[in-house]
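What follows is the residue order along each chain.
There are 4 protein chains.
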Amino acid sequence: MNDGGVDSQSLAERSVAALYTADRMSQTLGMRIVAIAAHECVLAMTVKADMVNGLGTCHGGSIFSLADSAFAFACNSGGAPTVAAGASIEFLAAARVGDELTATARAVWQGRRAGLYDVTIVNQQGVRIALFRGRSYRLSGADPRVRESK
Amino acid sequence: MNDGGVDSQSLAERSVAALYTADRMSQTLGMRIVAIAAHECVLAMTVKADMVNGLGTCHGGSIFSLADSAFAFACNSGGAPTVAAGASIEFLAAARVGDELTATARAVWQGRRAGLYDVTIVNQQGVRIALFRGRSYRLSGADPRVRESK
Amino acid sequence: MNDGGVDSQSLAERSVAALYTADRMSQTLGMRIVAIAAHECVLAMTVKADMVNGLGTCHGGSIFSLADSAFAFACNSGGAPTVAAGASIEFLAAARVGDELTATARAVWQGRRAGLYDVTIVNQQGVRIALFRGRSYRLSGADPRVRESK
Amino acid sequence: MNDGGVDSQSLAERSVAALYTADRMSQTLGMRIVAIAAHECVLAMTVKADMVNGLGTCHGGSIFSLADSAFAFACNSGGAPTVAAGASIEFLAAARVGDELTATARAVWQGRRAGLYDVTIVNQQGVRIALFRGRSYRLSGADPRVRESK
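Residue numbers (the numbering used here), protein chains in the order written: chain Z, -8 to 141; chain C, -8 to 141; chain P, -8 to 141; chain E, -8 to 141.
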């Protein structure tokens, strides 16, 4: 997924910055951008008291939201509007209030329009909290990086 | 999934009420309980401005959260603590600010500890927004209804 | 998923018959067509000795194959070439040599090109063996039934 | 997933050899063991004429079977009987008669009883044909390697 060079990196940074500015949900949940690259994104989020479920651990929806934003930023990093067609998530360990979660999203496959992204979520001790696999669909237009790289 | 009668219904109502009271995430997102039965739950949520993603439509994490709460309430309706092992979601249509979403969760299969639940999310016009399939795992103790019904 | 009337039924029968004739895998595994309708298909298969896995029960690949064929026949029943983009399967109970499996495939959603199908597999006693959810993608051309029904 | 040393490797080889001998489905489809290690397995299979679907390409069930066997061998490589609870597969490119498919299965996570395995299937040119994610469940007994490695 090396799309090469400065232009690709700069495009990714500008694209994700624009998305993040408009993404009220990611802001509300306190997500922070840690790193951006072409087809890749790292986000962090602290589990707050208003993110717990009825059993007192971090709600699956908060964890999914973090993964979904990382996925969205990664698959939109080329500037062409891309949506999530679906996703699956495996919950491996509970997260708790105060935990610092980090989601790392990477493209694992990119077709002409459909793509596949894996997101790993770990806590501050490196324990894997969840694995997420998202399926993206590019609405229109071409991602110039795909033409280059195939 | 008819587990019969008043006791089962009353147990479901008490179990879900206790969960909901502790579930800060569901409250923060404004979810409302519409109906509860043994192994079933219907929740509603209005899409608010702080739930949108970078493309201006309802964030997948909000939609997943609604489905995940309906799933959690349904699979904990027997009183035995049950967690989500994983889930998959298909996004069928976009939801927008102001939309009224309704999630209906139902058990489709229950083994000794593992269970499978389907959740359908529709908007105020009945258009299906997402389909969610959750896999539950009962942490301990037995659900008396399962003994009855198998 | 009522696409109305004789033409749709006749198209489904002809489309599936043509597919089945060319489908060497379904024939090799001994699958039989039980029922066909628009967007629907019921297939049967007897578990034979050469379908077992290393633990002596029916190989997951045999069960998946049955579901995948039912899915393929259902989603190609309109005559427009349609492929599987992906699928998930839950194995609920073991199948054994001599078991008579029946797979029932039905469309649960159809977009312009993408579709979603659920397949339930039961044995001769009605016990559910597996649940399968397939995602289809129509390669080209339009399915006239979709225009009618939306 | 390094479980260390000769005993683990020897156990894996003996366990998989015993499974393969009993696995009539894998033999019927002509699967060959390429490599075995603790929690890992590489299998190869040539796409034959009797593995095609109605569209003339390799049936999804054949591809799933190869992935499922690699997964089963990997997750049973510790000697404790382990079954598939479920799986998802993404079909990325078509395989054709004569293609030489290779499936590489690796554990990505192992809990006390539940595990998660990823399988990648490529053809003879290294093109990815499918990605498979399997969820395993150990029926009984402990895998001594898990105690060692956690």
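Don't read these hints as lab results, they were simulated from the structure. Since the structure is predicted, the reported quantities are computational estimates derived from the model, not experimental observations. Do not rely on the hints blindly, as some may be mistaken.
Stated by the list, open to error - Derived SDA-like pairs (lysine to any residue); straight-line CA-CA distance at most 25 angstroms:
#1 Z:Lys39 <-> C:Ile27
#2 E:Lys39 <-> E:Gly102
#3 P:Lys39 <-> P:Arg87
#4 P:Lys39 <-> E:Arg23
#5 E:Lys39 <-> P:Gly21
#6 Z:Lys39 <-> Z:Gln0
#7 C:Lys39 <-> Z:Thr19
#8 Z:Lys39 <-> C:Leu2
#9 C:Lys39 <-> Z:Arg15
#10 C:Lys39 <-> C:Gly21
#11 E:Lys39 <-> P:Val74
#12 C:Lys39 <-> Z:Thr12
#13 C:Lys39 <-> Z:Ala26
#14 E:Lys39 <-> P:Gln116
#15 E:Lys39 <-> E:Ala26
#16 P:Lys39 <-> P:Ala26
#17 C:Lys39 <-> Z:Ala35
#18 E:Lys39 <-> E:Val118
#19 Z:Lys39 <-> Z:Tyr128
#20 C:Lys39 <-> Z:Asp41
#21 Z:Lys39 <-> Z:Ala26
#22 P:Lys39 <-> P:Ser(-1)
#23 P:Lys39 <-> P:Asp(-2)
#24 Z:Lys39 <-> C:Arg97
#25 P:Lys39 <-> P:Val99
#26 E:Lys39 <-> P:Ala26
#27 P:Lys39 <-> P:Ala71
#28 Z:Lys39 <-> Z:Arg119
To be verified - Counterexamples of contact, computed for chain P against chain Z with all Cβ distances above 10 angstroms:
#29 Ile24
#30 Val25
#31 Ala35
#32 Asp41
#33 Gln116
#34 Arg126
A virtual CB, placed ideally from N, CA and C, is assigned to each residue, including glycine.
A quick look at each hint next to the structure:
no.: 1; hint: Z:Lys39 <-> C:Ile27; in the structure: violated, 28 angstroms
no.: 2; hint: E:Lys39 <-> E:Gly102; in the structure: violated, 38 angstroms
no.: 3; hint: P:Lys39 <-> P:Arg87; in the structure: holds, 8 angstroms
no.: 4; hint: P:Lys39 <-> E:Arg23; in the structure: holds, 21 angstroms
no.: 5; hint: E:Lys39 <-> P:Gly21; in the structure: holds, 17 angstroms
no.: 6; hint: Z:Lys39 <-> Z:Gln0; in the structure: violated, 32 angstroms
no.: 7; hint: C:Lys39 <-> Z:Thr19; in the structure: holds, 12 angstroms
no.: 8; hint: Z:Lys39 <-> C:Leu2; in the structure: violated, 30 angstroms
no.: 9; hint: C:Lys39 <-> Z:Arg15; in the structure: holds, 10 angstroms
no.: 10; hint: C:Lys39 <-> C:Gly21; in the structure: holds, 9 angstroms
no.: 11; hint: E:Lys39 <-> P:Val74; in the structure: holds, 20 angstroms
no.: 12; hint: C:Lys39 <-> Z:Thr12; in the structure: holds, 17 angstroms
no.: 13; hint: C:Lys39 <-> Z:Ala26; in the structure: violated, 28 angstroms
no.: 14; hint: E:Lys39 <-> P:Gln116; in the structure: violated, 34 angstroms
no.: 15; hint: E:Lys39 <-> E:Ala26; in the structure: holds, 22 angstroms
no.: 16; hint: P:Lys39 <-> P:Ala26; in the structure: holds, 22 angstroms
no.: 17; hint: C:Lys39 <-> Z:Ala35; in the structure: holds, 23 angstroms
no.: 18; hint: E:Lys39 <-> E:Val118; in the structure: holds, 18 angstroms
no.: 19; hint: Z:Lys39 <-> Z:Tyr128; in the structure: violated, 32 angstroms
no.: 20; hint: C:Lys39 <-> Z:Asp41; in the structure: holds, 17 angstroms
no.: 21; hint: Z:Lys39 <-> Z:Ala26; in the structure: holds, 22 angstroms
no.: 22; hint: P:Lys39 <-> P:Ser(-1); in the structure: violated, 35 angstroms
no.: 23; hint: P:Lys39 <-> P:Asp(-2); in the structure: violated, 37 angstroms
no.: 24; hint: Z:Lys39 <-> C:Arg97; in the structure: violated, 30 angstroms
no.: 25; hint: P:Lys39 <-> P:Val99; in the structure: violated, 31 angstroms
no.: 26; hint: E:Lys39 <-> P:Ala26; in the structure: violated, 28 angstroms
no.: 27; hint: P:Lys39 <-> P:Ala71; in the structure: violated, 33 angstroms
no.: 28; hint: Z:Lys39 <-> Z:Arg119; in the structure: holds, 19 angstroms
no.: 29; hint: Ile24; in the structure: holds, 30 angstroms
no.: 30; hint: Val25; in the structure: holds, 30 angstroms
no.: 31; hint: Ala35; in the structure: holds, 30 angstroms
no.: 32; hint: Asp41; in the structure: holds, 32 angstroms
no.: 33; hint: Gln116; in the structure: holds, 31 angstroms
no.: 34; hint: Arg126; in the structure: violated, 7 angstroms
Checked against the numbered hints above, the structure breaks hints 1, 2, 6, 8, 13, 14, 19, 22, 23, 24, 25, 26, 27, 34 and satisfies the rest.
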